[in-house]
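Chains Z and B are the protein sequences, given in the same order.
Our numbering puts the last residue of the first sequence at 434; the count rises by one with no breaks.
Our numbering puts the last residue of the second sequence at 434; the count rises by one with no breaks.
Each hint should be verified, as a subset may be incorrect.
Repeated chains share a single entry, so a pair holds when one copy, or any two copies, can fit it.
[To be verified] Restricting the straight-line Cα-Cα distance to at most 27 Å, the calculated cross-link-like pairs of lysine-lysine (DSSO-like) are:
id	residue 1	residue 2
1	K27	K190
2	K73	K280
3	K191	K331
4	K250	K12
5	K28	K331
6	K12	K190
7	K299	K269
8	K397	K70
9	K339	K397
10	K335	K280
11	K191	K28
12	K191	K73
13	K28	K354
14	K339	K12
15	K159	K73
16	K159	K70
Bear in mind the hints are in silico, worked out from the structure with no lab data behind them.
The structure displayed is predicted, hence computed values, not measured ones.
Protein chains: 2
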Amino acid sequence: MEKNSPSVNFPKIVIVGGGFGGIQLAKKLRDQEVQILMLDRHNYHTFQPLLYQVATGGLEADSIAFPLRKIFKGQKNFLFRNAEVTSINPERKIVTTNIGDYSYDYLVLATGSDSNYFGSRELEHFTMPMKTIPEALNLRSMILQNLEEALIETDPDVKKGLLNFVVVGGGPTGVELSGSLSELKRHVLKKDYPELDISEINIYLIEGSPVLLGPMSPQSQRHSKEFLIEMGVNVITGVTVTSYDGQVIKLSNNTEIITKNVLWSAGVKGEVPEGVPKDKIVRGGRIKVDQFNRIEGYKDIFAIGDVASMQTEEYPNGHPGVAPAAVQQGKHLAKNFIKVLNNEPPEPFKYFDKGSMATIGRNRAVVDLGKIRFQGVFAWFVWMFVHLMSLVGFRNKLVVLVNWIWSYFSLDRGTRLIIRRFNRESMREDTSGK
Amino acid sequence: MEKNSPSVNFPKIVIVGGGFGGIQLAKKLRDQEVQILMLDRHNYHTFQPLLYQVATGGLEADSIAFPLRKIFKGQKNFLFRNAEVTSINPERKIVTTNIGDYSYDYLVLATGSDSNYFGSRELEHFTMPMKTIPEALNLRSMILQNLEEALIETDPDVKKGLLNFVVVGGGPTGVELSGSLSELKRHVLKKDYPELDISEINIYLIEGSPVLLGPMSPQSQRHSKEFLIEMGVNVITGVTVTSYDGQVIKLSNNTEIITKNVLWSAGVKGEVPEGVPKDKIVRGGRIKVDQFNRIEGYKDIFAIGDVASMQTEEYPNGHPGVAPAAVQQGKHLAKNFIKVLNNEPPEPFKYFDKGSMATIGRNRAVVDLGKIRFQGVFAWFVWMFVHLMSLVGFRNKLVVLVNWIWSYFSLDRGTRLIIRRFNRESMREDTSGK
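So that you can see chain Z by itself, here it is in the shape it has in the complex (with noise of 0.2 Å):
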């Protein structure tokens, strides 16, 4: 069945996925005679890089996320369902979702990456991953629930695991995850929960190689570390988790902790639809792509962002999963499009590595531009800004400037609220809306 299908005869391009590539992407076929069509779960933008601050109580949600309908606002040659892909059909040029089929004269998968739990059902269960705004609220609502439980709890073992926190994968998710527990330990629930003995709540940050933010220099890495170190995280490098049963998380260096608290940041993995073949699927469940960012084999399926792997002599593993390399992309293939309509031939891509950055706590990140590295109160404040200047919309700028400013001058979080309840068990919550 084939919906709303619009008549005139430019080609379809169907985009899978309104992440950074996706966006960048449709915005720049703006004038273009093609037709375009977006599919995503959502009806919004997620600006995943600040997820951690909704998931410990700094953001409201809304102000990182952004309708996808608005950003498209006024471009006519642009069509938004909100669908969720299940599978391709590369024969039939169909694209099989849960509110019915579309075909497509080129397809576009930027569908970007999920947590990884390296095949282990029991971690997948048990620990809290946050790629989503609905797990980044869930992880609020757990954290929450559980201080809360902590308080009238009288066994001591169980309440030693309600106020552990561990934070699985030294990433910058994982680094940003832990430092801002940090902080929402010593400025926020230490006012809080008087009743309760702050120095019971401990936080550990688990990372299996033996430095933190892999990918940045020797000198960031280091930083990194000691700032954790100053702010009460326990950093424990080299060492893996061998088993997680939602009580007791077991480490390859023979250390159990007793937690109820096990946040997942330690990998991601690509989101494939069904029917990508999968000789196609590479290392991180990535999907291979030629320097155009076609799926080899394919003239009209393409794949970009965190989903694609385009392995090239400085990066043989394809390119990192941030947001610049998506938006890099999403653009590039928008002018090879441009140059394929108008009969010249694409150009291959070329990742610009604009540096990296990851925040540890007020007044603390460290930045890596090219040669130049720094950290402290500077890079904190060009983490910001470039975070800020990043967030889609210029209500959502606004709407966060605020909470910042707000909170350096604080010390506090605006939203420590449970509204929706966790449930593990089921992984729903309560909605009946008491």
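Take the given structure of chain Z and dock chain B to it, following the hints.
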């Protein structure tokens, strides 16, 4: 089981509910020799007068809620428990909750009100209430989901049902909600859904009595109706709902409207816990109290705010269920507790009617201040100022102000996001985080 009872011998006041009344009572007892325990099923205070703006995408939920623990930060005689009260036992002087029993010396019920379906299970199941933040968010999701569905619907009758919005109840909530829906339609949806013929979206406001805003002046009643009609809302007064099966709503004038969207604001009833003697429950499901807010026949149980019905000559059915009445009763009861602690006789409560107001839309509000009545732009600014000042917390005031200023100039709404999908059948959403 009695948990965490402080051991000091000051009298223990248990307050059930952190609404307008409960927080004033606890605040005013700050420096007194009492132990206060507040129980609430949410960990936040909800500013209910602005729920309709959350439901229609104008404000983020977090900006009209405030963490209860934070309100009482540093108040040494105050304890909070995030607990749902299931029943009270006046004989044993115990409150039973989902996390255990708590004893009291004095019990104050400040539980507020819930939607009243006047016994109809059908209406309770199929219509959407808006008394809590999760309910307002469900409403927002449902409205947006139904618009997305309308786009791909080919059956014209089903499509009509998705695009007809019926608000039942012409009190302030119904008037504000239908006005806000009309603005959403004209300013936002027109741009967001260019494929949709916006004139197919119809908004109805159904009120059983002959006038809108029953308790306000005839002048305000007339103006609010005129404003709504100008804004394209179909206002139907003097007509009640006879049935609604999820597809077609039937009215007492034999009109039938096909609709998937029925928003229920036709009445409230007191939220009375089990254990309150049935003969103390009067009109509107409220608890009859004497002029000291004491439940008749008890020296140690009180009720304040929406759940209390203090029948006086001027208010034979109790005071109006509005925030100022709850605030005044909370403050007054605190004063009386202090008097009793000092062996002075308590004073009877006297309600000071500050007037009432309702906003219909941009530049359109009605205000009654005693004999002074006005409407239009100035009334709208007064409405905004009063509501902004009544919000708890500086951050919330700031974020709401930023949103309002931004909306005023952009004619836009910031938060039209389906963050949790709404599913009527299960009254739950997909919270897998996808």
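Here is what the structure says about each hint:
1. In the homo-oligomer, the alpha carbons of K27 and K190 lie at most 27 Å apart only across protomers (20 Å), although the nearest pairing inside one protomer, at 46 Å, exceeds that limit.
2. For the identical chains of this complex, K73 and K280 are neighbours neither inside a copy (35 Å) nor across copies (57 Å), given an alpha-carbon limit of 27 Å.
3. Taking CA atoms no more than 27 Å apart as the test, K191 paired with K331 passes between copies only; the shortest distance there is 25 Å, against 47 Å inside one copy.
4. For the homomeric pair K250 and K12, neither the shortest alpha-carbon distance inside one copy (51 Å) nor that between copies (44 Å) is at most 27 Å.
5. Within a single copy, K28 and K331 get their C-alpha atoms as close as 6 Å, which meets the 27 Å cut-off; across copies the closest is 59 Å, which misses it.
6. In the homo-oligomer, the alpha carbons of K12 and K190 lie at most 27 Å apart only across protomers (24 Å), although the nearest pairing inside one protomer, at 56 Å, exceeds that limit.
7. Taking CA atoms no more than 27 Å apart as the test, K299 paired with K269 passes inside one copy only; the shortest distance there is 24 Å, against 64 Å between copies.
8. Within a single copy, K397 and K70 get their C-alpha atoms as close as 15 Å, and across copies as close as 26 Å, so both meet the 27 Å cut-off.
9. For a Cα distance limit of 27 Å, the shortest separation of K339 from K397 qualifies neither inside one copy, at 34 Å, nor across copies, at 51 Å.
10. For a Cα distance limit of 27 Å, the shortest separation of K335 from K280 inside one copy, 24 Å, qualifies, whereas the shortest one across copies, 74 Å, does not.
11. Only between protomers do K191 and K28 lie at most 27 Å apart by alpha-carbon distance; the minimum there is 20 Å, versus 49 Å within a single protomer.
12. Taking identical chains as interchangeable, the C-alpha atoms of K191 and K73 lie at most 27 Å apart only when they sit on different chains, with a minimum of 6 Å there against 45 Å within one chain.
13. For the identical chains of this complex, K28 and K354 are intra-copy neighbours only, at 21 Å inside a copy versus 56 Å across copies, given an alpha-carbon limit of 27 Å.
14. Within a single copy, K339 and K12 get their C-alpha atoms as close as 16 Å, which meets the 27 Å cut-off; across copies the closest is 77 Å, which misses it.
15. Taking the shortest Cα distances, K159 and K73 sit within 27 Å of each other only across copies (23 Å), while inside one copy they are farther apart (51 Å).
16. In this assembly of identical chains, K159 and K70 lie within 27 Å of each other by CA distance solely across copies; the values are 23 Å between and 46 Å within a copy.
Taken one by one, the earlier hints fail for this structure at numbers 2, 4, 9, listed in ascending order.
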